[in-house]
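Whole structure, please, built from the sequences with the hints as guidance.
Listed below are the residues making up each chain.
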Amino acid sequence: MAHLKPVPDPTPEPPSKAGGKPSIAELERYATVLRIHCVRMVAVAKAGHLDSSLSAADIVAALYYRVLRHDPPKPRWPERDRFVLSKGHGAPIQYAALAEHGYFPADDLMGLRQIGSHLQGHPDMTRTPGIEVSTGSLGQGLSMSVGICLALRLDGLDETAQVFTLMSDGDCQEGQSWEGAMSAAHFDLPNLTAIVDYNHLQTDGTTEEVMDTGDVRAKFESFGWDAVEIDGHDMGAIVESLERSRTLGRPAAIICQTKKGRGVSFMEDRFGFHGKPPSQEQAEQALEELEATYEQQTKALGGGS
Amino acid sequence: MASELIDAAEPQTESIATRQAYGDALVALGESYPEVVALDADLAVSTQSMKFGKQFPERFFNIGAAEANMMSISCGLAATGKVPYASTFAIFASSRSYDQVRLGIAHNGLKVRIGASHGGVSLGEDGASHQMIEDIALMRAMPKMQVIVPADYNQAYTAVIESYERFDGPMYMRFGRPKTPAVYDEIPETLGTGVDVLREGKDISIFTCGHMVWRGLEAAETLEREDGVEAEVVNVSVIKPIDSQSVLSSLAKTGVAVTAEEHRVVGGLGDAIRQVAAEQHPVPVFALGMQDEFGVSGTAEACMEHFGLTASGIADLAREALLKKPIVQHPPIHGGPWT
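As they're listed, the protein sequences go chains Y and F.
To convert, note that position 261 of the first sequence is 261 in the working numbering; the numbers rise steadily by one, no gaps.
To convert, take the position in the second sequence, counting from 1, and add 1000; that gives the working numbering.
Hints are not guaranteed to be accurate.
Some chain Y residues judged to face chain F by a derived CB distance under 8 angstroms, without partners named [stated by the list, open to error]: (1) T126; (2) V133; (3) M144; (4) G147; (5) I148; (6) L150; (7) L154.
Label-pair restraints from in silico Cβ distances [what the hints assert, rightly or not]: (8) Y/T126 with F/G1127: 37 to 45 angstroms; (9) Y/R127 with F/D1168: 17 to 25 angstroms; (10) Y/R250 with F/E1186: 47 to 55 angstroms; (11) Y/D188 with F/E1031: 25 to 33 angstroms.
Rather than coming from a laboratory, the hints here were simulated on the basis of the structure.
If you're wondering where the values come from, they're calculated on a predicted model, not measured in any experiment.
Every residue, glycine too, gets a C-beta built ideally from N, C-alpha and C.
Encoded structure:
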C-alpha cells in the first residue's frame, strides 16, 4: 500500500437518523466509499476487475445500505434477504460492502487475491462471511438463487426473505441464465429479483460487437417475469425498483443500464480495463477524483463526515 | 450403530436394477428426514426419483431438460439447509453439467447427492450419445467429490441410506439401467470402507465395481474350475476415497491383479487401483474396460459382450496377467500387511 497516496478513512458515519433509512444522497456517498475501497483493493492486489466493480457500485450500495434485511453479526440468520453476485468477477464491490458492514475487518480488503487472504478473486462461501454461494463461472448465479428460493419456500420464508441476484451482460450470454429464468417463472417464485448490471463492455469488446444479447428486458418478460429497465446510476430509481420488486409476488428483473468504470473519468465507458488493474498513476488519479466526489457529496449533505 | 432404515428394508434376491434401489431408498429417506429433497431433469421415471416425487410432491422438483440448471439449483438448496438428491442419466449428471457440479457443489463441499443412473454401455439401445463411460474418471478428478458405484440392488440401497446418514460432503453415485443379479443376499448393514472381499483367493486379485462384480465372481469360479486358480474377488463400491489399505492387503497377498469396470480404462477403478499399486506395492495390474472408443447401440447384454465386458473377458485377462506375475514377491513399500 506504500506506493499509494494515503487517503482519508472513507468510512462515513452510519445512517444519520437513528433507525431511519439512509437518504438517496447518503446512498450516493456510500457508493463513492465503496468505489474508493475498490480502487485501493485492486491497485494493491495488482489484479481484479475494477471497472466491473465500479459499474455495480450504486446497485450494491442501495442493496447493502438500504434494501437488504440483514444482520452482519449473524450472517446465517435464516430470515435474512440473500444477495448472490452472479457476476462473481465484481467481487471487490461486494467485499467493500461486506467490510463496511462489519462482516469482516476492513483491513482484510487489502488482502484481495493474495495467498492467505479469505478474499478470493471470486466470491467463496467457504471462506468469506456474508457470501451466500460461490460464484465466478458466469451463468450459474440465477439458478443457484432459484435453489435458495425453493428452500426458503419449504421453510415458509418465501414471503419474508427476498433473494437478489446481480448479473452481468456476460451472464446474459450464458445459456444457463435462461434456464434459470425459465425455472423461476415455472416455480412461481415470489421472492426473486434479478438485477442486470448491463454495462455494455466485456473482455473482448462491446457486448454488441462480441455477442449481442438483444432485448434482455423482453427476454425476461417472455419467460413470465416482471421486467423494468432503469438507469443503473440513478440511485432513486435503483432503490424504487428494488423495493418494488419485493411487492410483486413474482420473479422480477431490473435491467440497469450502467457504465463500466463509473466514477473514474478515464475508465468510464472505456474499453480495455476489463480484468486489468490500474497502474499506480491511474489508481492515484482515480482516488483523487473519487475523493473529490466524496467531499462534494459530503458538502451537499450539509457538513463533515 | 446400524441404521433403522437399512434394517427395515426388504432385500432383493432376484435380478433387479440398482436404480430401483435409488428410488426405494430415497422414499425411505424422505419419510425420515424432512430436509431431503429430490430433483430430476425429465427422467424421473427412468432414474426412479419419481417414487419420491409421488410421495413428497412439495419436496420434488422436476427441472425439465436443463441439467446444468438442476445442479446449480441443488447448490442453492443445499446452501439453504436442504439435502438435495439430483438425478439424471450419468452422461448428463457428469459431463454435461461438470462445471455446475464443480463450482456449486464440490467446491463448496455441499451435501448434495448426484444420483447418476444409466451409467456405462449397459444403457444399451440409445447408443454412444447416452452411454457414459468416463464419469468415474471425471468425478474422481474433481476435488472433494466422493464416488460410489454399488454392485447390486441390495448394496445400492445401503449406499443411498448411508449417503444421508453416514457421509458428508458432495457425492456422485452411479446406478445402472438393466436388471443385475444379486451379489449380496441381504441389504448390507454398511458399505464399510467400500472395499469388500467377496471371495478370498491367493493367486490373483480381481477388483470390480457395479455391474462387473457378479461377472467377476463368475470369472473366479471359471478360473478355479478350469485352471485351478484361486482368484480373490474384491468389490470396490467406494472408488473415491479409496481404502488403499484394503487394496494393498489383497495386492500383497496375490501379487498381481486385474480390474474390471463398465468404464474407460483411463481414470476409473483401474487407475485407482494402479495408483495404489504404483505408489505402495508395484505389482502388475491389468485393466478390463472400454478402450479408446465410444459405445454402440444394442441390447445391454449385447453391448457388454461387444466390448468384452463379460465373465470370460475377466477370466481371459486374469490368465494373461498370471503369466506376467512376478516370481519373486516383495513386501509393500509403505505399511500394509505382508502375508
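Consistency of the hints with the structure:
1. T126: holds, 6 angstroms
2. V133: Hint on Y/V133: holds, closest Cβ of chain F at ~5 angstroms, below 8 angstroms.
3. M144: Check passed: Cβ of Y/M144 comes within 4 angstroms of chain F, closer than 8 angstroms.
4. G147: Where the cut-off is 8 angstroms and the nearest Cβ of chain F is about 2 angstroms from Y/G147, the hint holds.
5. I148: holds, 4 angstroms
6. L150: Cβ of Y/L150 sits 6 angstroms from chain F, so the hint holds.
7. L154: holds, 7 angstroms
8. Y/T126 with F/G1127: 37 to 45 angstroms: holds, 40 angstroms
9. Y/R127 with F/D1168: 17 to 25 angstroms: Hint holds: Cβ distance 18 angstroms, inside 17 to 25 angstroms.
10. Y/R250 with F/E1186: 47 to 55 angstroms: holds, 51 angstroms
11. Y/D188 with F/E1031: 25 to 33 angstroms: Holds, at about 27 angstroms.
This entry satisfies every hint, going by the numbered hints stated previously.
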